[in-house]
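Participant: Residue numbers (the numbering used here), protein chains in the order written: chain Z, 1 to 154; chain V, 1 to 97.
Since the hints were made in silico from the structure, they are not lab data.
One should not assume that every hint holds.
As the list claims (entries may be wrong) - Partner residues are not named here, just some residues of chain V that face chain Z (Cβ under 10 Å, in silico):
| no. | residue |
| --- | --- |
| 1 | 10 |
| 2 | 15 |
| 3 | 31 |
| 4 | 59 |
Stated by the list, open to error - With a Cα cut of at most 20 Å, we get these calculated SDA-like pairs of lysine to any residue:
| no. | chain 1 | residue 1 | chain 2 | residue 2 |
| --- | --- | --- | --- | --- |
| 5 | Z | 93 | V | 80 |
| 6 | Z | 48 | V | 1 |
| 7 | Z | 48 | V | 63 |
| 8 | Z | 33 | Z | 67 |
| 9 | Z | 98 | V | 80 |
| 10 | Z | 48 | V | 11 |
| 11 | Z | 93 | V | 26 |
| 12 | Z | 48 | V | 74 |
| 13 | Z | 119 | V | 26 |
| 14 | Z | 108 | Z | 28 |
Stated by the list, open to error - A few chain Z residues that face chain V, going by a derived Cβ cut-off under 8 Å, partial list only:
| no. | residue |
| --- | --- |
| 15 | 44 |
| 16 | 48 |
| 17 | 68 |
| 18 | 114 |
Heads up, the beta-carbon is just placed ideally off N, CA and C, and yes, glycines get one too.
Listed below are the residues making up each chain.
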Amino acid sequence: MKYIDKDLVLAQLDVKNADEAISTLADILYKHKNVSQNYKQAVLDREKIFPTGLPSGKIGVAIPHTDVKYVNKPAIAFATLNEPIIFKNMADKSQDVKVQFIAMLAMKEPHSQVELLQKLMELFQHQDLLANLIQEENSKNLYEDLASYFDKEV
Amino acid sequence: MKKIIVACGAGVVTSTTAMNKLNEELSARGYQEGTDYKLMQTSVQQVPSMADQADLAITTTQYDNDEVKIPVINGLPLLTGIGADDIIDKVEELIKA
Chain Z
1 MKYIDKDLVL AQLDVKNADE AISTLADILY KHKNVSQNYK QAVLDREKIF PTGLPSGKIG
61 VAIPHTDVKY VNKPAIAFAT LNEPIIFKNM ADKSQDVKVQ FIAMLAMKEP HSQVELLQKL
121 MELFQHQDLL ANLIQEENSK NLYEDLASYF DKEV
Chain V
1 MKKIIVACGA GVVTSTTAMN KLNEELSARG YQEGTDYKLM QTSVQQVPSM ADQADLAITT
61 TQYDNDEVKI PVINGLPLLT GIGADDIIDK VEELIKA
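Just chain Z, with the same shape it has in the complex:
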């Protein structure tokens, strides 16, 4: 699994708000050499202008990301949250989305990764599967669940 790595999956992340969640995930992407140092600030800034909360159903999700120029090696970093946090709705900044699952995208050429992105969007529609994922206590198990989900088609 090229874009998913066991070091980039965090189960039951304990954070107070969207900024903290974004910072934590951006830090592990940077540590893992997937993104440049400026990626974190770029994602934080972009989230204010173009928020990424998706009202996907009972379990809301967010897909923070930024310009491809900050990405060295494409990947997706995942986190499930101990307690839901608020992201703004991508289509309407005045609306809140209660997020329990975050997929932070570090994409370089989205056109070549479109199957992966599509598979990710499909995951958000599988609310029963998401419900199982957000129950997972252990990061390694969460990684294995995600790897097996994405491996089926990507």
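For chain Z, the structure is supplied; the task is to place chain V on it using the hints.
Facilitator: Chain V alone, transformed into the frame defined by chain Z:
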């Protein structure tokens, strides 16, 4: 041939996903990109400058610019799947018009 702008924040990630979903669903209804319609990918900032070459704009991010003369619809359902059929219906109507 009808031209449709598909835009997101930077014109890269979510617009790619939305375009893929549009092509998939329209193809299932018998329409082919390049023959029956054309998609133009861009950022929301570029929508006003491209609007005069297009018939419809679909944006995944919030968009409110009254100066744009073509219809602008919210493409979020193409990402979440909830209500995606309504968008495909609207696009199909446009293609057939």
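Participant: Please go over all the hints and tell whether each is borne out by the structure.
Facilitator: Hints versus structure:
Using the Cβ-Cβ criterion of 10 Å, the hint placing residue 10/V at the interface with chain Z is satisfied: the shortest such distance is roughly 6 Å. Checking residue 15/V against chain Z: minimum C-beta separation of about 8 Å stays under 10 Å; hint holds. A least Cβ separation of about 19 Å between residue 31/V and chain Z goes past the 10 Å threshold, and the interface hint is therefore violated. Using the Cβ-Cβ criterion of 10 Å, the hint placing residue 59/V at the interface with chain Z is satisfied: the shortest such distance is roughly 8 Å.
Between the alpha carbons of residue 93/Z and residue 80/V the distance comes to roughly 17 Å, so the proposed pair stays at or under 20 Å and holds. For the hint linking residue 48/Z to residue 1/V, the alpha-carbon distance of about 37 Å lies beyond 20 Å, and the restraint is violated. Our distance criterion of 20 Å between C-alpha atoms is met by residue 48/Z and residue 63/V, whose separation comes to about 15 Å. Restraint check for residue 33/Z and residue 67/Z: the C-alpha separation of about 16 Å stays at or below 20 Å, so the hint holds.
For the suggested pair residue 98/Z and residue 80/V, the alpha carbons sit about 15 Å apart, so the restraint of at most 20 Å is met. A distance of roughly 17 Å separates the Cα atoms of residue 48/Z and residue 11/V; the hinted pair therefore holds under the 20 Å criterion. At most 20 Å may separate the alpha-carbon atoms for a hinted pair to count; residue 93/Z and residue 26/V exceed this at roughly 29 Å. A C-alpha spacing of about 19 Å is found between residue 48/Z and residue 74/V, which places the hinted pair at or below 20 Å, so the restraint holds.
Simply put, residue 119/Z and residue 26/V have alpha-carbon atoms about 18 Å apart, close enough for the 20 Å limit, and the pair holds. Between residue 108/Z and residue 28/Z the CA atoms are separated by roughly 17 Å; this keeps the pair inside 20 Å, and the hint holds. A hinted interface residue such as residue 44/Z counts as satisfied when its beta carbon comes closer than 8 Å to some beta carbon of chain V; here the least separation is about 14 Å, so the hint is violated. Hint on residue 48/Z is violated. Least Cβ distance to chain V is approximately 11 Å, over the 8 Å limit.
Given hint, residue 68/Z at the interface with chain V, holds; its Cβ is 6 Å from that chain's nearest Cβ, closer than 8 Å. Satisfaction of the interface hint for residue 114/Z is found here, the shortest Cβ-Cβ separation to chain V being roughly 5 Å, below the 8 Å cut-off.
Of the hints listed earlier, those the structure fails to meet are numbers 3, 6, 11, 15 and 16, in rising order.
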